[in-house]
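Asks: Given these sequences and hints, build the entire structure.
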Amino acid sequence: MTSLQERLFAMQDKQYAAFQAKLTPEVPMESFIGIHVPVLRKFAKEFTKEAE
Numbered sequence: 001m002t003s004l005q006e007r008l009f010a011m012q013d014k015q016y017a018a019f020q021a022k023l024t025p026e027v028p029m030e031s032f033i034g035i036h037v038p039v040l041r042k043f044a045k046e047f048t049k050e051a052e
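So the sequence shown is numbered by my numbering: it starts at 1 and just counts up by one.
Think of the hints as simulated: they come from the structure by calculation, not from any bench. Every residue, glycine too, gets a C-beta built ideally from N, C-alpha and C. Honestly, I wouldn't trust all of these hints.
To be verified - If you anchor each label on the Cβ, the simulated ranges turn out as follows:
hint, residue 1, residue 2, range
1, Pro25, Glu52, 23 to 29 Å
2, Pro28, Ala51, 17 to 23 Å
3, Ala21, Glu52, 15 to 21 Å
4, Glu50, Leu23, 28 to 34 Å
5, Glu6, Met29, 17 to 23 Å
6, Ser3, His36, 31 to 37 Å
Claimed, not checked - Derived pair list, reagent style DSSO-like, types lysine-lysine, alpha-carbon separation capped at 27 Å:
hint, residue 1, residue 2
7, Lys42, Lys22
8, Lys45, Lys14
9, Lys42, Lys14
Replies: Okay, here's the thing in structure tokens:
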């Protein structure tokens, strides 16, 4: 697992992942991490600053 994946899984919300999986039953549950969009946006903003 890469450091990026480790950071994403640290933000994981398993209950939210289960909710997302119910919305799209044809996609396997294992495909969902369960990160809320505002949290992901904040992470993306910080990640792009680190890349510069």
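Asks: The structure should be examined with respect to each hint, and the outcome stated for every one.
Replies: Hints, verified against the model:
no.	hint	verdict
1	Pro25 x Glu52: 23 to 29 Å	40 Å, violated
2	Pro28 x Ala51: 17 to 23 Å	31 Å, violated
3	Ala21 x Glu52: 15 to 21 Å	35 Å, violated
4	Glu50 x Leu23: 28 to 34 Å	31 Å, holds
5	Glu6 x Met29: 17 to 23 Å	20 Å, holds
6	Ser3 x His36: 31 to 37 Å	21 Å, violated
7	Lys42 x Lys22	25 Å, holds
8	Lys45 x Lys14	23 Å, holds
9	Lys42 x Lys14	19 Å, holds
When the structure is compared with the earlier hints, violations turn up for hints 1, 2, 3, 6 and for no others.
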